[in-house]
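Peer 1: Line order of the protein sequences matches chains Z and A.
Under this note's numbering, think of the first position of the first sequence as 3, with each following residue one higher.
Under this note's numbering, think of the first position of the second sequence as 3, with each following residue one higher.
Take these hints with a grain of salt, some might be off.
[To be verified] Derived SDA-like pairs (lysine to any residue); straight-line CA-CA distance at most 25 Å: (1) Z/71 to A/506; (2) Z/71 to A/511; (3) A/514 to Z/37; (4) A/667 to Z/67; (5) Z/49 to A/560; (6) A/804 to Z/103; (7) A/514 to Z/78; (8) Z/71 to A/516; (9) A/521 to Z/68; (10) Z/16 to A/509; (11) Z/16 to A/606; (12) A/804 to Z/34; (13) Z/49 to A/706; (14) Z/71 to A/542; (15) Z/16 to A/514; (16) A/514 to Z/77; (17) A/804 to Z/39; (18) Z/88 to A/559; (19) Z/71 to A/741; (20) A/804 to Z/15; (21) A/663 to Z/69; (22) A/144 to A/61; (23) A/521 to Z/84; (24) A/804 to Z/100; (25) A/514 to Z/68; (26) A/514 to Z/81; (27) Z/16 to A/554; (28) A/804 to Z/26; (29) A/606 to Z/50; (30) A/521 to Z/78; (31) A/627 to Z/67; (32) A/746 to Z/68; (33) A/521 to Z/67; (34) A/667 to Z/69; (35) Z/16 to A/542; (36) A/521 to Z/75; (37) A/606 to Z/15; (38) Z/71 to A/742.
Treat the hints as calculated values from the structure; they're not laboratory data.
From a predicted model like this one, the values you see are computed outputs, not experimental measurements.
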Amino acid sequence: MMRVEVGTIEQLPKRLGKCVRIGALELALFRTGEDRVYAVENRCPHKGGDLSQGIVSGEYVFCPLHDWKICLRDGQAQAPDEGCVKTYRVAVEDGCVYVEL
Amino acid sequence: MKRKLVLIGNGMAGVRCIEEILKLDREAFEITIFGSEPHPNYNRILLSKVLQGDTSIDEITLNSWEWYERNGIRLFAGETVTEVDSERRLVRTDRGRVVEYDELIFATGSNPFILPVPGADLPGVTAFRDIQDCERMIEYAKTYKKAAVIGGGLLGLEAARGLLNLGMDVDVIHIFDYLMERQLDPTASKLLQRELEKQGMNFLLRKETAELFGNGRVEGVRFKDGTSIAADLVVMAVGIRPNVELARKSGIEVNRGIVVNDYLETSVPHIYAVGECAEHRGVVYGLVAPLYEQGKVLAQAICGRKGKPYEGSVVSTQLKVSGVDVFSAGEFMDVEGTESIKLYDEARSVYKKVVVREGKIVGAVLFGDTSEGRKLFDMIQRGDSLEALSLSLLTPASSGGKGSLVAAMADTDVVCGCNGVTKGAICQAIAEHGLKTVAEVRDYTNASRSCGGCKGLVAELLEHMLGEEANRYTVKETICGCTDLSREEVLEAIEQRRLMTVKEVMSVLGWKNEEGCSKCRPALNYYLGMLYPGEYDEEAESLFVNERLHANIQADGTYSVVPRIYGGVTTAEQLRNIADVAEKYNVPMIKITGGQRIDLLGVKKEDLPRIWADLGMPSGYAYAKALRTVKTCVGKQFCRFGTQDSTGLGIRMEQTFERLKTPHKVKMAVSACPRNCAESGIKDVGIVGVEGGWEIYVGGNGGTHLRAADLLCTVKTEDEVIEMTGAFLQYYRESAHYLERTSKWVERVGLEHIREVLFDVETRRALLERLHKALSATKDPWRDIVENERLQQMLFRDIGDKEPVPVE
Ligand code: SRM
Ligand SMILES: Cc1cc2nc3c(=O)[nH]c(=O)nc-3n(C[C@H](O)[C@H](O)[C@H](O)COP(=O)(O)OP(=O)(O)OC[C@H]3O[C@@H](n4cnc5c(N)ncnc54)[C@H](O)[C@@H]3O)c2cc1C
Ligand code: SF4
Ligand code: FES
Numbered sequence: 003m004m005r006v007e008v009g010t011i012e013q014l015p016k017r018l019g020k021c022v023r024i025g026a027l028e029l030a031l032f033r034t035g036e037d038r039v040y041a042v043e044n045r046c047p048h049k050g051g052d053l054s055q056g057i058v059s060g061e062y063v064f065c066p067l068h069d070w071k072i073c074l075r076d077g078q079a080q081a082p083d084e085g086c087v088k089t090y091r092v093a094v095e096d097g098c099v100y101v102e103l
Numbered sequence: 003m004k005r006k007l008v009l010i011g012n013g014m015a016g017v018r019c020i021e022e023i024l025k026l027d028r029e030a031f032e033i034t035i036f037g038s039e040p041h042p043n044y045n046r047i048l049l050s051k052v053l054q055g056d057t058s059i060d061e062i063t064l065n066s067w068e069w070y071e072r073n074g075i076r077l078f079a080g081e082t083v084t085e086v087d088s089e090r091r092l093v094r095t096d097r098g099r100v101v102e103y104d105e106l107i108f109a110t111g112s113n114p115f116i117l118p119v120p121g122a123d124l125p126g127v128t129a130f131r132d133i134q135d136c137e138r139m140i141e142y143a144k145t146y147k148k149a150a151v152i153g154g155g156l157l158g159l160e161a162a163r164g165l166l167n168l169g170m171d172v173d174v175i176h177i178f179d180y181l182m183e184r185q186l187d188p189t190a191s192k193l194l195q196r197e198l199e200k201q202g203m204n205f206l207l208r209k210e211t212a213e214l215f216g217n218g219r220v221e222g223v224r225f226k227d228g229t230s231i232a233a234d235l236v237v238m239a240v241g242i243r244p245n246v247e248l249a250r251k252s253g254i255e256v257n258r259g260i261v262v263n264d265y266l267e268t269s270v271p272h273i274y275a276v277g278e279c280a281e282h283r284g285v286v287y288g289l290v291a292p293l294y295e296q297g298k299v300l301a302q303a304i305c306g307r308k309g310k311p312y313e314g315s316v317v318s319t320q321l322k323v324s325g326v327d328v329f330s331a332g333e334f335m336d337v338e339g340t341e342s343i344k345l346y347d348e349a350r351s352v353y354k355k356v357v358v359r360e361g362k363i364v365g366a367v368l369f370g371d372t373s374e375g376r377k378l379f380d381m382i383q384r385g386d387s388l389e390a391l392s393l394s395l396l397t398p399a400s401s402g403g404k405g406s407l408v409a410a411m412a413d414t415d416v417v418c419g420c421n422g423v424t425k426g427a428i429c430q431a432i433a434e435h436g437l438k439t440v441a442e443v444r445d446y447t448n449a450s451r452s453c454g455g456c457k458g459l460v461a462e463l464l465e466h467m468l469g470e471e472a473n474r475y476t477v478k479e480t481i482c483g484c485t486d487l488s489r490e491e492v493l494e495a496i497e498q499r500r501l502m503t504v505k506e507v508m509s510v511l512g513w514k515n516e517e518g519c520s521k522c523r524p525a526l527n528y529y530l531g532m533l534y535p536g537e538y539d540e541e542a543e544s545l546f547v548n549e550r551l552h553a554n555i556q557a558d559g560t561y562s563v564v565p566r567i568y569g570g571v572t573t574a575e576q577l578r579n580i581a582d583v584a585e586k587y588n589v590p591m592i593k594i595t596g597g598q599r600i601d602l603l604g605v606k607k608e609d610l611p612r613i614w615a616d617l618g619m620p621s622g623y624a625y626a627k628a629l630r631t632v633k634t635c636v637g638k639q640f641c642r643f644g645t646q647d648s649t650g651l652g653i654r655m656e657q658t659f660e661r662l663k664t665p666h667k668v669k670m671a672v673s674a675c676p677r678n679c680a681e682s683g684i685k686d687v688g689i690v691g692v693e694g695g696w697e698i699y700v701g702g703n704g705g706t707h708l709r710a711a712d713l714l715c716t717v718k719t720e721d722e723v724i725e726m727t728g729a730f731l732q733y734y735r736e737s738a739h740y741l742e743r744t745s746k747w748v749e750r751v752g753l754e755h756i757r758e759v760l761f762d763v764e765t766r767r768a769l770l771e772r773l774h775k776a777l778s779a780t781k782d783p784w785r786d787i788v789e790n791e792r793l794q795q796m797l798f799r800d801i802g803d804k805e806p807v808p809v810e
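I would like the entire structure built from these sequences, with the hints used as guidance.
Peer 2: Following this line, the structure appears as structure tokens:
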């Protein structure tokens, strides 16, 4: 398993996504209104939209390109749309945010 | 301080006008009402029903004592104003009371006309005008048997029907040879007479009354031809006279009625007249529908919001006698220059006539089946052409046809003629307030509150709505799935409770999704910004990416940059500058847009603030729900056809309105002649220069749903263009749904309505004031971000590249 330190919690404003690149991989990081942090692959299952720039509501993000609603917990696109993005486990320790690959 | 408003006459027209005033501005006036009758305002029309035994006197009260109290109105019932001093602005009453006024309304109604014949003052002779008359007749009927009604018009026939119901024998005396000659043509009149005879009335036609005789009380009527009849009760229903004595005495110009202009102003400043006592353009009306229209106009005028003037009314009549259906409206007589279409079914006693003048429907008479009366009345008022008349209107009603009549009515068709309430308004009220009974509909909409003739239609509508068609009206347009509230309800709550953030709105109003969604969050953000200009700070996390980053996101996650090029006019230096910046940042595509400016496409998010700084140009808002471009044509400076300086005006408009947030994007154009090279006809606001002025078009759209713009008005100067456009934009900002383009909005609220709002000087001034407040709170967002390191960090910079570290 790999673990990546992707930054501090202060770098993640609430309900505004941030993008981080790890080699060829691009992740979207979100800190929700309830202060939970999620990481998903930053490619919308529809047409590859930049999810990090979507509107965040609860544990969902709305893709900025065509408004698909993606669940941050399991990566599932919500009905009527179908598809899934890969999700990654996140740990926050002493204000540092780690993603497990 | 509140102005003092005094109303003389506590009757139907006057009190309705007060209701309209309260609706417009509850706080403007301290209101005092004088009424000679010892009752609160009641429904005079229904006296006929009281006499006929269908209704009790208690049931006809329109405004209860408590209503006056609740609205802070001082009512002096049973007190008559005897003197008006317009110099000192005060009135005096028969009880010696003196009250000052700033504004004074005469609504003294009319007096029944009593024939000046010997014996007219004998006990047992009465008019039919008020509660007292009605009580008197009911009392008489208890002891006496023989009644005579003088007058075969509406009032006389309704009285006669009532007296029959009270168990009296009734003779109806009429001077002409057919009944209701002012409302019916001879054919309909004869059918009516036949029907009423069947009901038990006895008619004495072409009889002129010479005297009433009797010893101590009336015992009979003698006619000029020497014949006579016996009568214990004589009802005079020969007409009414406007009650103008007080006005005349006070030095107000009086003709048949108190002379008023189109705003119901009399010849004396601060004195108005409304109702049956008023004479407008030579006409005195004796039915409530026109009086209520007058009341509305007067209310606006007196509240300082002069809107549409009162220009007179077409009236329609219905006789309130059960078992008889007659209807007439407009010019119903066959005279020189008219033609008519008639249907006469003698066997079933159905007669229908539509009168046409120069191809237009101008009048109608219906007997036996009046179900299409309202529909015809609408057509007459609109001046529809004959082609609009479907022949089925004239065919005999089939037994099952009634239900389909309400269904077939358009939403704009009037159901209640007295109060001018449309089918659409009733359906909406039913849907919104879950109304179940005719009485509830009456209380919410006023429909059937006056003569009650439309009760049947309202009942049918209810049935219809609560059944099959309910869905059409019950689907309320909510903001999104997160709430059951409509835009209007949310806005009202925001203002009333002074909610200041998106979050607050959602939690106070019980949003189903605690944090909303991609539809309501940007919408709420817009509404809050519109309601609290300068006070509300946009919430970045509630904005769609384009508006958050002030650039258009592209399919590949890059962005585009479109700087302002006012009116599409640029300079060599500006072009050079743009070219240099494009080169410096390796912009993959430079494109001339359809909006007459330059688009730098494929810019990385992190580069945006730097590019903006290097360009040093303001944002073109190509990404926003705001003013986009003002497209212009060459104009008279160069073009051989140009009549006006279109580029100059276009630049000025873009500079005036740039940065203004709107419910959806707004595009404008200015062309210098009707050839319209700037495509003004498909813009939200399109200006076309003509010789000596400018035409202003609104509601055009060149996008998904092509729509040609409507001509709003023509003005003379550039200043007027700016003013009208500003007022239009502000009204759009305030009343459109978020994401509703002007094309949809204009269709929804109606061009006429928009005109009414914008053409009213006061309203326009207020709109412009609010517009300027909103405009002055804006600043260029690019510059703002360029100067704000924190914003750049928060919105434009990502975390960057990270190395994975293996863990055991
Ligand atoms: C750049 C431009 C095309 C061009 O290269 O010429 C353009 C580009 C886009 N248009 Fe447009 N429209 C452009 C002129 C138009 C015009 C023509 C005009 O304005 O004269 C129209 C039809 C006129 C109208 O709006 O009435 C037009 C009707 C639309 C619509 C449909 C709007 C509608 O109400 O039906 C959309 C979709 C929307 O806004 O929801 C749209 C949306 C878009 C978006 C913003 C798509 C999006 O939401 O991301 C495109 C962004 C591309 C980009 O990244 O820059 N664009 N678009 C034009 C920019 C003009 C400018 O300088 O600002
Ligand atoms: C029996 C009957 C049936 C009718 N049926 C219909 C119908 O079916 N449809 C229809 O549209 N219309 C109908 N009308 C006509 C309708 O009622 C009138 O048009 C309407 O009431 C006029 O309203 P107004 O306010 O002008 O006058 P009113 O309602 O008469 O009010 C005037 C009031 O002012 C008071 N007043 C007068 N002078 C003074 C003073 N100096 N000081 C204090 N108070 C004063 C009077 O006492 C009166 O109460 C009917 C009328 C009658 C009598
Ligand atoms: S028409 Fe407009 S929205 Fe459609 S692809 Fe072209 S630029 Fe994009
Ligand atoms: S790419 Fe995300 S919705 Fe289309």
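Peer 1: None of the hints should be skipped; say for each whether it holds.
Peer 2: Evaluated hints:
Between the alpha carbons of residue 71 of chain Z and residue 506 of chain A the distance comes to roughly 24 Å, so the proposed pair stays at or under 25 Å and holds. Distance restraint check for residue 71 of chain Z and residue 511 of chain A: the Cα-Cα separation of roughly 24 Å lies within the 25 Å cut-off, and the hinted pair is therefore satisfied. Note on residue 514 of chain A and residue 37 of chain Z: the hinted pairing holds, with a Cα-Cα distance of about 20 Å set against a maximum of 25 Å. A C-alpha spacing of about 18 Å is found between residue 667 of chain A and residue 67 of chain Z, which places the hinted pair at or below 25 Å, so the restraint holds.
For the hint pairing residue 49 of chain Z with residue 560 of chain A, the CA-to-CA distance comes to about 14 Å; that is within 25 Å, so the pair holds. Distance restraint check for residue 804 of chain A and residue 103 of chain Z: the Cα-Cα separation of roughly 13 Å lies within the 25 Å cut-off, and the hinted pair is therefore satisfied. Distance hint between residue 514 of chain A and residue 78 of chain Z is fulfilled; the C-alpha atoms sit about 21 Å from each other, no more than 25 Å. Between residue 71 of chain Z and residue 516 of chain A, the direct Cα distance comes to roughly 16 Å. Compliance with the 25 Å bound is thereby established for this hinted pair.
Our distance criterion of 25 Å between C-alpha atoms is met by residue 521 of chain A and residue 68 of chain Z, whose separation comes to about 12 Å. In summary, the hint linking residue 16 of chain Z to residue 509 of chain A is supported, as the alpha carbons are separated by about 18 Å, within the 25 Å threshold. In summary, the hint linking residue 16 of chain Z to residue 606 of chain A is supported, as the alpha carbons are separated by about 23 Å, within the 25 Å threshold. Distance restraint check for residue 804 of chain A and residue 34 of chain Z: the Cα-Cα separation of roughly 22 Å lies within the 25 Å cut-off, and the hinted pair is therefore satisfied.
Taking the CA atoms of residue 49 of chain Z and residue 706 of chain A, the gap is about 23 Å. The hint holds against a cut of 25 Å. For the hint linking residue 71 of chain Z to residue 542 of chain A, the alpha-carbon distance of about 19 Å falls within 25 Å, and the restraint holds. Distance check on the hinted pair: residue 16 of chain Z and residue 514 of chain A sit about 21 Å apart at the alpha-carbon level, within 25 Å; holds. For the given pair, residue 514 of chain A sits about 22 Å from residue 77 of chain Z by alpha-carbon distance, which is consistent with the 25 Å threshold.
At roughly 18 Å between alpha-carbon atoms, residue 804 of chain A and residue 39 of chain Z fall within 25 Å of each other, so this suggested pair holds. For the given pair, residue 88 of chain Z sits about 19 Å from residue 559 of chain A by alpha-carbon distance, which is consistent with the 25 Å threshold. As the CA atoms of residue 71 of chain Z and residue 741 of chain A are separated by approximately 20 Å, the hinted pair is consistent with the 25 Å bound. Proximity of residue 804 of chain A to residue 15 of chain Z is assessed by CA-CA distance (about 19 Å); at most 25 Å being required, the pair is judged to hold.
Restraint check for residue 663 of chain A and residue 69 of chain Z: the C-alpha separation of about 22 Å stays at or below 25 Å, so the hint holds. At roughly 22 Å between alpha-carbon atoms, residue 144 of chain A and residue 61 of chain A fall within 25 Å of each other, so this suggested pair holds. Of the supplied pair hints, the one linking residue 521 of chain A and residue 84 of chain Z holds, its CA atoms being roughly 20 Å apart against a limit of 25 Å. For the suggested pair residue 804 of chain A and residue 100 of chain Z, the alpha carbons sit about 11 Å apart, so the restraint of at most 25 Å is met.
Between residue 514 of chain A and residue 68 of chain Z, the direct Cα distance comes to roughly 23 Å. Compliance with the 25 Å bound is thereby established for this hinted pair. Between residue 514 of chain A and residue 81 of chain Z, the direct Cα distance comes to roughly 18 Å. Compliance with the 25 Å bound is thereby established for this hinted pair. At most 25 Å may separate the alpha-carbon atoms for a hinted pair to count; residue 16 of chain Z and residue 554 of chain A meet this at roughly 23 Å. At roughly 11 Å between alpha-carbon atoms, residue 804 of chain A and residue 26 of chain Z fall within 25 Å of each other, so this suggested pair holds.
A hinted pair counts as satisfied when its Cα atoms are at most 25 Å apart, and residue 606 of chain A with residue 50 of chain Z qualifies at roughly 16 Å. As the CA atoms of residue 521 of chain A and residue 78 of chain Z are separated by approximately 20 Å, the hinted pair is consistent with the 25 Å bound. Between residue 627 of chain A and residue 67 of chain Z the alpha-carbon distance is near 17 Å, which keeps this suggested pair within the 25 Å criterion. For the given pair, residue 746 of chain A sits about 23 Å from residue 68 of chain Z by alpha-carbon distance, which is consistent with the 25 Å threshold.
For the given pair, residue 521 of chain A sits about 14 Å from residue 67 of chain Z by alpha-carbon distance, which is consistent with the 25 Å threshold. Taking the CA atoms of residue 667 of chain A and residue 69 of chain Z, the gap is near 19 Å; set against the 25 Å cutoff, the hint holds. For the given pair, residue 16 of chain Z sits about 11 Å from residue 542 of chain A by alpha-carbon distance, which is consistent with the 25 Å threshold. Proposed proximity of residue 521 of chain A and residue 75 of chain Z is supported: the alpha carbons are some 22 Å apart, at most 25 Å.
Among the hinted pairs, residue 606 of chain A with residue 15 of chain Z is consistent with the structure: their alpha-carbon atoms are about 21 Å apart, no more than 25 Å. A hinted pair counts as satisfied when its Cα atoms are at most 25 Å apart, and residue 71 of chain Z with residue 742 of chain A qualifies at roughly 23 Å.
In summary, this structure violates none of the numbered hints.
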